[in-house]
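Two independent chains are provided; combine them into the complex using the hints.
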Amino acid sequence: MKAREAIDLLARHRGDAVAVCALGMAANEWWAATKSEDAFYMHGAMGFAASFALGLALSLPQVPVWLINADGSLCMNLGCLLTEAAQGARNLKHFVIANGVYQTVGGLAMVNEGRTDYVAIARAAGFSRARTIAALDDLERQLPAIAAEDGPSFTVLQVEPESGFLRTPPMTYEGPEMKYRFGRALERRFGIEVFGPQGY
Amino acid sequence: MDVSAQIYAELTKCGVKVAASLPDDWVAPLIERIAADNRIRHVRVAREAEAVAICSGAFFGGVRAVALMGATGLLTCTGELATLNLRHQIPVFLIVSQRGSIDDHRIYQEVQGRRTIPLLQAYDFPYHVVDRPEDIASIPDAFETCRLQKRPFVLFLTRRLVKGEGAA
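Heads up: the sequence lines are chains A and B, in that order. Everything in the first sequence is counted per the numbering used here, starting at 1 for the first residue and increasing by one. Everything in the second sequence is counted per the numbering used here, starting at 1001 for the first residue and increasing by one.
Worth flagging that the hints you see were computed from the coordinates, not collected in a lab. Since the structure is predicted, the reported quantities are computational estimates derived from the model, not experimental observations.
DSBU-like cross-link-like pairs, simulated, lysine-lysine; straight-line CA separation at most 35 Å:
no., chain 1, residue 1, chain 2, residue 2
1, B, K1150, A, K35
2, A, K35, B, K1017
3, B, K1163, B, K1013
4, B, K1150, B, K1013
Isolated chain B (complex conformation) (with noise of 0.2 Å):
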């Protein structure tokens, strides 16, 4: 099973039937993988932000929703992700691509790197990171998690992972 299909599975584990995406390349195969049944109701959206309210009115119909999106999208949304989810606490669960990383020679990605995590920490945001194949067990202990913490958190998913051991 590639990692796409292992997150999909893990996801169906968790409950989800909601999710809102904006793809980068990075978590493109997984939405795509979202989007080949319909097990999962998929919203593509025009902005980031919508995803995340969408998230948050799914939680209020008492269904399990997941916004994805890659790291530039998730700064576009800071602003909502406060003053809807972190006002109400509500939670929301998000999955992004960790752009940015040592291994990831964009230079627009560059200050997604450095400053995504600590913006994170400032806003007390909590997040996990899935590295390997091994780690995608994991989703529903964060998923739960974010539910118990009633905020956003992000699970974020590193070009190690989706593009594979010594990818270009």
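If we strip away everything but chain A, and leave its shape as in the complex, we get (with noise of 0.2 Å):
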């Protein structure tokens, strides 16, 4: 499957769960299938998305926290397992649109090609949940058992590679105008307080 395609599933099956994404492939094409303001898209700090959704999940503990990273993204922070794992979220939920390269560099392959196995990894570090998906309809007809099932869960989306630059484009706003977008969009989703009363 595209990874296009995989996370135009994963958005049309995420119900009420809010979105934070790895930068990228992963940030982009969650804007292009959803253009939703009540996720968080990753400009920088390539790896931290899985620790950013991390800390909202415990913070918002009845809203189910969907993270969408990628490969290159995980390879960056691979104790980020270890730290889900010991929390033990129950309403998070780690995707991982994989593909083998750094797709938004045009390609080029990522470390140790081919040989990683990130599900073994992943329940090394301790989720008893742990999966890989490679076909469209097998993640058709799963994706509801797991949007229901507890977290944390560590689902791979094993996507085909695509050659040279997607030219998906970003999201329309950025910086300060997504914190307050994002963070505005959780305090009238779900009633919590997240700028005080003079806005910061």
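Below, the structure written as structure tokens:
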């Protein structure tokens, strides 16, 4: 399956989940599929969307949080799996779009190309719910159960690498505006106070 | 009340509900104090930048958070502090040992002592040094300043504070 197809399917099954997207392909494709402001799109800190999502999930334990990660980002912060497993956040689902390449910079091969078993790493870190899905129809069949199960769970979506650059444009806002759009969206949805009475 | 208990009490006054940490030996007693009960959710991390991003995510959940680490750990996450917190103006409150001070005779902390504050100044990250027990009461003001300035804020703990006067 293609990354775009996998992300479109995730987006259709996300229900009430709040998404945190790794920078690059994951963020751009999630924006293209959802145009949602109640998602946080990383622009930097490669690898740390996972930790950001964990902090959000621990803070809003009644809210499903879906991490849309990518294999390049996961490899930047494999230790996140230890922390996620230890915290046991039942509302956190970790998805990894795995294409084996650094797609955003033109499809260059990743470290340890083709040999890494991310599910085995996650299981060894302590995830009891971990799987790889490589076919779109399998993903469609399994997603309702994945969405309904307790977290933390870890799902690798094995997608085909694409040649060259993906041309999906990024979201149309950035930096502080992303902070305020995301924070205000969560305030409206969940009745929480992200910003104080003077707006900071 | 010992220093760790005093700092812990100030953090609870600030409304801190999440603490993410990776210890060095100076901040270890405070981390263990936080871990001793469930008033603050404690998250042990494998790398300091995880703590930065966990606190950033918690911010959007409307939860006040703190990251604890050693000075060397702070140096490891300056990229994330710049590209996540500075870029998006997300406040993050860091409690960090002020290693490499003139009373810290550890050769492996020497560069941290010379270059950490100039590095913070280059990024325009505010900081505040807590050197004596009577300074601990400034923590709520420091925490509010962090939120108000919308960027990483480093609260340094000195050797004199955490080890006591004249400690070897």
